[in-house]
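Quick mapping for you: the protein sequence lines, in order, are chains A and B.
Just so you know, we're using the numbering used here here: the first sequence kicks off at 0 and counts up by one.
Just so you know, we're using the numbering used here here: the second sequence kicks off at 51 and counts up by one.
Treat the hints loosely; a few may be bogus.
[As the list claims (entries may be wrong)] In silico SDA-like links for lysine to any residue, alpha-carbon gap of 20 Å or less:
no. : chain 1 : residue 1 : chain 2 : residue 2
1   : B       : LYS116    : A       : SER288
2   : B       : LYS135    : B       : ALA121
3   : A       : LYS182    : A       : ARG163
4   : B       : LYS135    : A       : ALA313
For the record, the hints were derived by calculation from the structure and aren't laboratory data.
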Amino acid sequence: MPAVPNNRRAVIVEDNADIRRLLVQIVSEQGFTVAEAETGRDGLELIRAGGADLITLDLNLPDLDGIEVCRQVRAFSDAYILMITARVEEVDRLSGLETGADDYISKPFSPRELQARIGALFRRPRSQPVDAVPGADQERAAEVQRSLLPGEPLRVQDYDMAGRCRPTRNVGGDFFDWCATDKGLQLTVADAMGKGMGAALIAATVRAVLRSSNRHADLNQAFAAASQALEWDLAQSSSFVTIFHARLDAGSGTVDYVDAGHGLGLHLYDGGLRRLPSGGPPVGAVPGSIWAAGSLLLAPGDSLLVLSDGLLDAFDSVDAAMDAVAGVATVRESPEEVCDAVLELAGTAVADDVTAVMLRRCPPEHTEGAQ
Amino acid sequence: MQFTVETTPAYAEVNGSGRLNMVAAPLLREVVAAVVAEGNHHVVVNMEGTEFMDSSGLGALIGCLKIARQAGGDLRIANVQPQVKMVLELTSMHRVLNPYESVDAAFPHA
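Next comes chain B alone, as it looks inside the complex (with noise of 0.2 Å):
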């Protein structure tokens, strides 16, 4: 799984696509950890290209949640596949990583 960045003034995306699991995970943290680093503490991860989700995967969110909010900002997560959505939805994580209908839609007033 190959993850991008692209930033914007609100808010920094992150793109991965493929099969967020026990794999792709640390990396995952990896990426989100020197986007925050860099200072965007606003981060929208695009799942739109995220097929399938383990709870490796669910746990590299979690992870990424409480590093964007210790930095004082947020992390929200759009376009959510199927199999994420009913992972998210099964585990009642979906009240705290609520999926947004799209990237832009996560921040809207940032």
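Bound conformation, chain A alone (with noise of 0.2 Å):
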């Protein structure tokens, strides 16, 4: 009997009440957990509930299509599915194939036929398809990212700061990061291009090397040597990724940045918004390039926000969101109501990751507690 290892779950879709009991009863032998159910609906569901590793598929099904089971199944699972069909026409096992199936076999079979393509299914390494993200790897990824958040705010006399990332089901490489230095604080935002885990290990790799860059006293020589540590491992794996990077000096308001083709810093100020001018082109997209730092100060009552591009697709244009911005950061008072509404803008139809993250100097009559 060919191995197949142990553990694994296999799901019978099939509506002949026989058939089914035949290949529950095969399948079983060979070491599968098996669920059963008698229509492409039902089947989905327990595909979805408790995942499979392997899944017989009827192709004429009282409800849905055995293809359009397939497919939906290859949205969200990479399980092997075996279609069983009577129809022994060549387009339609073409078509099975190329819906995602990886094998199929033609009614009436027998038992021993059926255990050796299921056991050679399971010889055959796997590879991972290119415009899909397995849900393993998928939560994986989600939790990278989200072990890659600072938890609280840091306490810098006279500001307030807040950050939030709403990441999609496919992960993307956004994240957002801030630590203390000697005269304020750091802050970076940053988006790493693609989805998956690899565009997470990429944020990781980002976030390390910028939170160590700051040994650096000089802005421009610390983002200088952080871009060429990362454009090696961007290079190797033809990405990119986009960064605001900004030093804060607490006690001027200065705030020196680096924006390398992230292109969505903001100074607010007095109601009014400007977007920060970008330094150059994302790290990793032309090898060698040079950023310059830009400098802005925050008066009393000025704030820094930081946003990644994911809000942009739920608005016509750049002007058109940074309008809508520029609206709701005049209405709410703090930093976590101001970041809040910006994700509330977005809107639950983007599908990409979206990132808010603020630095207010307080207002005068906040620093001085008149009032």
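Fit chain to chain and form the complex, with the hints in mind.
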């Protein structure tokens, strides 16, 4: 008997009760835990709820076509799919394979033949589809991403801050980070190209490299060293990352920043909003790039708000998005409220991650504790 | 997303319509790599029908640019739509991937 590892789950989707019983028996004998469904919809539900390592799928189901079930399964699972068909025409066989089925077998079949086919499937190495992030990878990527975010805001006298990151189901590479420095703090918002585990790992590397870069007193020098360290890794994975990286001198309110292809650093003042000019391409996009740091002064009551481009998906243009952000920022009180409102602007339809980080220099009445 | 290729003596034109995203990005790389391997070192990507591009799509364009330049040629983009233009400007990549108004304008003297 072909060897199939233990603790594997099979889902049998077959409307004919006799054949279903036979399939359950054959597959159980191969060491699978077996669940069974009479219809395509019930089958999909079983697979979604409990997962599956092997699915046998009848082409002629009472509700959904077997090909349609196969297509839907492939959107979230890379289980081995064995199509079972009474239609012997070549076209059906081909379309069964094109939808992502691994093999097919025609009725009537012998138990021995079916077991041999299943055994052969499980000896094949599983290649990852390029256009889909498998469920388990997504979950791990989401964990990596969550673990990158800082827990509590830093306490810096005369400043408030908040950060929010809403990852999508298809995890992207957004993250933000902050840490205390001698003079105040440093703050980073970055977005790594692509989605899934790859993007999350790049984000983790970027965070670590930028954190350790603060040993350089000069921001230009710090960023040059960090980007050089990242470029090699990014080139290996044909990837890039947009970064907004800033340092606050809390006493003077001066923010020095480097914008590497991020483009969404905003200075909020007196109800107005100014987009800070970008200093060059994303890190990894154009090898050998040099970024020039910019600077702004946060007057009491002013804020630095850094967003990620996921927000823009909800708007027709950058200008329209900026108008909406300025609108919510003027009527909200605290950085937490502004960040929450910005995420709400993105709505739930946006398929990308959305991140908002705000650093506000408290208005005079706050610092003096009056009123 | 489907790509078509037309070659002229001066350049190869790659046409793609639809969404240049994570799914389409590797296809574009393959198409341009094949075009360059055939000896067409000057490539224009006609983006008239590309209504949307995400970061993976931009990554593909950057990768294709590298392929063309390594072969001693260049890759240029033409007929860029508003959302694609926005992504290019936001990332400052319009300085490297400068959008041309038409395919003919991309390699005028080639």
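A quick look at each hint next to the structure:
1. About 15 Å separates the Cα atoms of B/LYS116 and A/SER288, which keeps this hinted pair within 20 Å; it holds.
2. Our distance criterion of 20 Å between C-alpha atoms is broken by B/LYS135 and B/ALA121, whose separation comes to about 26 Å.
3. Annotation: proposed proximity of A/LYS182 to A/ARG163 is violated, straight-line Cα distance about 24 Å (limit 20 Å).
4. Proposed proximity of B/LYS135 and A/ALA313 is supported: the alpha carbons are some 16 Å apart, at most 20 Å.
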